[in-house]
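Asker: For reference, the chains in residue letters:
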Amino acid sequence: MEMFNFLPPELIRMIIFVALLIGLVFLNALVMVYLERKIAGHIQRRLGPMEVGPHGIFQTLIDGIKLIGKQLIIPRDVNRPLFRLAPLLAFTPVVLPFVVIPFSQKIQARDLNLGLVFIIAMSAINVLAIFVAGWSSNNKYSLFGAMRSVAQNIAFEIPILLSVLSVVLMTNTFSMQGIVTAQSNIWFIIVQPVAFLIYFIACIAETNRAPFDLPEAESELTAGFHTEYSGMGFGLFFLGEYGNMFVVCSIATVLFLGGWHGFTLPFNDYGAIIWFMFKVYFLLFLMIQIRWTYPRVRFDQLMNLAWKYLIPISLVNVLITAVIVKL
Amino acid sequence: MIIYRYIAEGLFIGFIMLVMSGSILAVRSRILMHAVLGLAVSFLGVAGLYFFLGSMFLTLMQILIYVGAICVVLVFGIMVGKTPKEIDEKQLRGKHSILAVSLSTVIFFMLSASVFFAKWNPVTEKIGDFSMAYLGKNMLYHYCLAFELISVILLAAIIGAIILARGGREADLG
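Heads up: the protein sequence lines correspond to chains A and B, in order.
Using this note's numbering, read the first sequence as starting at 1 and increasing by one per residue.
Using this note's numbering, read the second sequence as starting at 1001 and increasing by one per residue.
Hints are computed from structural coordinates only; laboratory data are not their basis.
Possibly wrong hints are sitting among the right ones.
To be verified - Sample of chain A residues facing chain B (criterion: CB under 8 Å; computed from the structure):
| # | residue |
| --- | --- |
| 1 | Pro8 |
| 2 | Ala124 |
| 3 | Trp135 |
| 4 | Val150 |
| 5 | Phe282 |
Here a beta-carbon is modelled for each residue, glycine too, at the ideal position from N, C-alpha and C.
Produce the entire structure from the sequences given, and follow the hints as far as they go.
Answerer: Printed below as a string of structure tokens:
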């Protein structure tokens, strides 16, 4: 170990964590795609993927390898540097929030004082990436998809922030670990059910999922902002999207479902990760189910939902919370 | 730990490079979209400098507001409005380029002179508290009037924007 002396342990810990977290993003995408296809199949009275491995569990792995092997086609009239940059720009801000997610009491890469603000700031970069992708593709479908996506993201960011704010008012901290600790007696979903509902609805819109998947509405826009992308360019957008779903669901878990709290497990400091993962995947399951249950909304309905219902309700919710906290 | 110092210096130089290259791109690019993204890169670099100065809150606000809001609005404007894809070479040159170059050189030397000749006292302890709790308390107690005035200005801006947008829609219908 002589040769590693110049590396401080904190740095090694950080590098290992980042490597593990990137692994988690990839693994999560594999699992989620499989779950999505399987659940969709069963909802539609089919079996879903069955061929590769028992019950098709290796299907997404094979698909992923196929995706990596595919040629990266760059159309002639695109803006080359931005076209190449956009997938990276979409993927990086999705990995960064994982740094502050508290998987259990001890498993967390870094407990920032402003963890929650950090995650919200990173999602701001994501919007820019979608824009860059849509514009540089030089394709009207991509452009429309990007414009819809950004209008949607701007509108739904406000209810998200307000519902997060009503929890922060109660805990007095932005630290993810601090918010989890504050819920050792009672989960905030019981105290703040309205905020949870608003957050969850707005998050489905924020992650561009059906019934709010207008930015990539297949029947109108072929695939929205990533129409022109092939191979791993598309793959990175895809990974980013599923990573984003994981991030928003884990924020919901931390804010409202008590994070890693649950019945005490063996090695609870580390073992509580099972509780955390269980809650996150339960929310992800709900998201998948919603996608395959409800039809897509129209754009004006979407905007009305955000500006006329969610924002006023969440404002009133914040007001009531503030009054009660101060009483 | 010596390696932390190397990492910190490397990051500092990296942030400076981001600011410089971003702003050059923002000013010199012929494609409007590149200019806006250059601005975004430059903002990210400034955010990094805030981080280097030890204020996580300012860093995140810089990213959230400047990159996430202002740049997105600029890009939105470019995409929705009728803007030329490329700017003429002529318009980039401008009439008073010599004046501008000389003026900015003078300002650069004045600023760097003041930096070099200033007496920097080594800080032995952290001056003041810049945590969010402190900022929030000061904003709402000490600078309450300014805070409220800014909110009124923002409210006026929002109402103005709504009225402008309404006028546009009615004109289209009529």
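Asker: Now look at each hint and say whether the structure bears it out.
Answerer: Against the structure, the hints come out as follows:
Because the closest C-beta pair between Pro8(A) and chain B is about 5 Å apart, less than 8 Å, the hint holds. A distance limit of 8 Å between C-beta atoms decides the matter here; for Ala124(A) the minimum to chain B is near 2 Å, and the interface restraint holds. At its closest, the beta carbon of Trp135(A) sits 6 Å from a beta carbon of chain B; the interface hint therefore holds under the 8 Å criterion. The restraint placing Val150(A) at the interface with chain B holds, with a minimum CB-CB distance near 6 Å, inside the 8 Å limit.
With its C-beta approaching chain B no nearer than about 30 Å, Phe282(A) sits outside the 8 Å limit, and its interface hint is violated.
The structure fails to meet hint 5 from the earlier list, while all remaining hints are met.
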